[in-house]
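Build the full structure now, drawing on both the sequences and the hints.
There are 2 protein chains.
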Amino acid sequence: MKKLKGNLVYGQSGGPTSVINASAYGVIMKSLEHQDTIDEVLMMKHGIQGALNEDFIFIKDQTEEDIDLLKHSPGSAFGSVRYKMDDYKEDDTDYVRLLFIFQKYNIRYFLYNGGNDSMDTCDRISEYMKHVGYEVRIIGVPKTIDNDLPYTDHTPGYGSAAKFIINTVMEVSYDMLAYPKGKVTIIEIMGRHAGWLTAASAVATKNGFGPDLIYLPEVPFSIEKFKKDVQRIYDKKQQCLVAVSEGLSNEEGIFLSSSSALKDAFGHFQLGGVSSKLAQIVNNEMRISSRNIELGTTQRSAAHLQSLTDVNEAISVGRRAVELALQGESGIMITIERVSTSPYKTTYGKQPLNMIANKEKTMAKTMINSQGNFVTEEFIEYIMPLIQGENTPKYYDGVQHFSRMKNGIGSKKKK
Amino acid sequence: MKKLKGNLVYGQSGGPTSVINASAYGVIMKSLEHQDTIDEVLMMKHGIQGALNEDFIFIKDQTEEDIDLLKHSPGSAFGSVRYKMDDYKEDDTDYVRLLFIFQKYNIRYFLYNGGNDSMDTCDRISEYMKHVGYEVRIIGVPKTIDNDLPYTDHTPGYGSAAKFIINTVMEVSYDMLAYPKGKVTIIEIMGRHAGWLTAASAVATKNGFGPDLIYLPEVPFSIEKFKKDVQRIYDKKQQCLVAVSEGLSNEEGIFLSSSSALKDAFGHFQLGGVSSKLAQIVNNEMRISSRNIELGTTQRSAAHLQSLTDVNEAISVGRRAVELALQGESGIMITIERVSTSPYKTTYGKQPLNMIANKEKTMAKTMINSQGNFVTEEFIEYIMPLIQGENTPKYYDGVQHFSRMKNGIGSKKKK
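Note that the protein sequences, when read in sequence, are chains Y and H. Going by numbering that gives the first Met the number 0, the letters in the first sequence line up with residues 0 to 414, in that order. Going by numbering that gives the first Met the number 0, the letters in the second sequence line up with residues 0 to 414, in that order.
It is worth saying that the hints were derived from the structure and are not from the lab.
You can't tell identical chains apart in this list, so a pair holds if it fits in one copy or across any two.
Capping the alpha-carbon separation at 27 Å, the derived lysine-lysine pairs in DSSO-like fashion look like this: (1) K180 <-> K83; (2) K83 <-> K103; (3) K405 <-> K4.
Below, the structure written as structure tokens:
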């Protein structure tokens with residue numbers, strides 16, 4: 000295969016995870032091992048928008064420390080974006096501009112780190128560049144805390160978010176037991192369409208301190224069933240911990256978080272997120288004191304409690320993307336294939352981008368119990384390897400340090 | 000001084016902190032060093048209620064591992080309680096019962112771990128026992144994440160909660176910068192009357208990623224001033240991070256969280272906590288996209304990110320309480336006195352219980368800036384020593400382990 004000399008560009012897209020920057024680290028390190036082929040590594044500032052705006056972060060300008068800190072930095076150290084590319088057959092403005100930039104910077108490798116939408120972006124760019132005959136190898140690097148990408152056993156970002164959630168839920172649960180007569184506590188966990196993250200909280204229960212009930216978007220949610228479940232637990236234990244996914248919807252598929260989905264006993268629409276609404280129902284209709292906790296963006300940004308397994312896999316998918324690009328691959332996303340669970344062994348595969356784009360993988364039916372209010376042992380076995388090990392940060396004067404690259408996020412100097 | 004032989008009883012009261020169990024550890028360890036005087040160590044289950052119900056956790060029945068895990072367990076490993084003792088002159092039922100129990104178990108040392116209300120309980124019991132002539136040495140062990148106890152430089156529990164908040168706010172802030180045009184993010188932090196915890200978030204700002212604005216309960220809150228402050232920052236940065244204390248109140252002293260305090264531009268009362276209401280105001284009245292994050296009980300229960308300084312001090316106040324009791328002291332609470340900030344040096348003092356009971360220490364005026372929307376360097380210097388060092392837990396199969404004593408919280412077997 001012919002050697003394709005040129006520059007590599009990398010970008011981050013969609014919601015951050017606590018290990019997306021570890022994938023960037025993998026991409027950078029692997030690229031630097033191949034300086035005979037890859038001349039320079041450029042990072043797009045705010046994903047594809049950085050390419051369109053000719054706004055790059057140059058790795059050669061950065062300190063070793065800032066590159067190393069990528070393994071411990073949450074968010075998107077190079078900036079992220081939510082930008083939907085048009086179909087080039089309808090409007091090719093962005094594509095023409097991209098081609099100009101690719102030529103100007105001699106970009107021959109385009110690596111894009113994101114979820115379903117980002118793989119769609121990759122796929123469209125790939126199609127266009129093939130169409131105009133510009134040789135560039137385009138590889139998708141997976142990430143999402145939601146774990147909802149198809150054709151991969153799991154997704155970098157999931158294990159760390161899950162580990163933070165599990166440990167936090169254990170702490171909240173232990174704390175909640177302090178009082179003899181407790182409340183109904185409802186913890187809201189991220190996941191619009193897939194319950195992977197909410198399901199993770201079952202590991203806390205397995206360790207003695209976790210939710211009694213888990214409700215997932217995969218199961219149509221019934222308020223009446225919920226009230227019965229909670230009442231049964233509360234009667235027995237005088238308290239009840241419930242984990243709910245933000246994406247719960249009723250039989251008609253209407254999100255509980257939408258303002259029209261829920262009326263309380265008095266005919267008022269409930270405001271707020273799912274957990275807030277359910278807590279109001281417990282208070283107002285069941286007359287049991289309740290409280291809700293929304294873990295919010297802390298779930299995806301908790302760099303201080305990453306899964307070491309997840310960090311290492313995030314680095315590996317980044318490295319593997321560079322490897323396959325050098326080998327001549329294009330139009331694919333890197334996948335993680337599980338060889339065995341015990342001992343945990345994986346290998347890295349690939350899938351065409353158009354197989355991934357805009358598709359979502361939800362939990363298997365066999366991972367959810369028949370009552371639809373907890374997970375099965377199959378799910379526990381699936382998740383356990385993903386949360387192993389800690390990537391404990393170094394603290395300086397009591398706080399973490401994050402990567403602050405020249406022209407990157409939190410940069411001290413402008414470029 | 001005559002040696003007072005007998006048993007020691009210890010209890011936890013009020014809201015848990017992530018290091019209250021470290022104080023219990025200190026009490027236990029110091030007591031075990033003095034078995035010539037202290038025959039046995041009993042823990043009240045759910046504080047004073049455990050004594051009244053004759054429900055104890057016996058240290059002699061516990062494993063070394065469960066005792067050691069106290070240093071890493073959040074919540075109240077022995078159960079907590081909110082129980083207000085009557086004035087014994089009006090109703091002495093509880094006191095007569097307590098005296099009976101003290102005599103039955105030959106309790107000569109009573110150590111109670113809590114905040115202002117708990118010191119009131121201690122004080123009342125102390126008065127009664129003096130009145131009836133029963134010799135028992137009563138010592139208060141301070142704890143509260145709110146840091147609002149008077150006559151002590153700071154309170155065990157504060158440093159760990161602050162450290163978790165600072166690091167979490169840094170992560171949320173770095174994550175927030177991922178998008179070029181951001182939102183107004185409002186983080187709600189605990190503290191009904193004192194702003195110590197909310198103020199801590201300034202350390203995040205000092206490290207490059209923290210709130211632009213901080214609003215504390217010590218300063219009457221003006222919506223108009225808030226809107227002007229936020230608009231100014233947003234115009235400049237296209238995003239704005241605000242830290243607010245849950246206990247904000249307006250000029251009339253009405254809590255913003257009370258349902259009557261705030262109407263939006265359309266005359267609807269705002270629902271939810273302070274941050275939710277302010278986010279609605281930013282959305283509806285300023286027409287800027289906003290989001291709120293409530294850190295909730297995770298602030299007090301984050302055992303996985305404790306300040307080592309705080310843990311060590313929590314252990315020390317527990318040990319010191321036993322020491323002073325053995326020396327004949329009674330009717331006092333242990334205090335922490337700061338000898339110097341740099342290098343950080345402290346010593347342990349004492350204060351009569353009635354000087355502490357039901358009093359609150361708010362932030363000094365000199366720690367808050369003249370605009371009332373941030374802290375001063377004086378506060379930063381004050382807090383920095385308190386968040387130093389980490390008490391990183393050992394993880395087993397990806398998760399923490401917590402103490403599960405026989406008859407304690409999360410006990411596997413009933414006593």
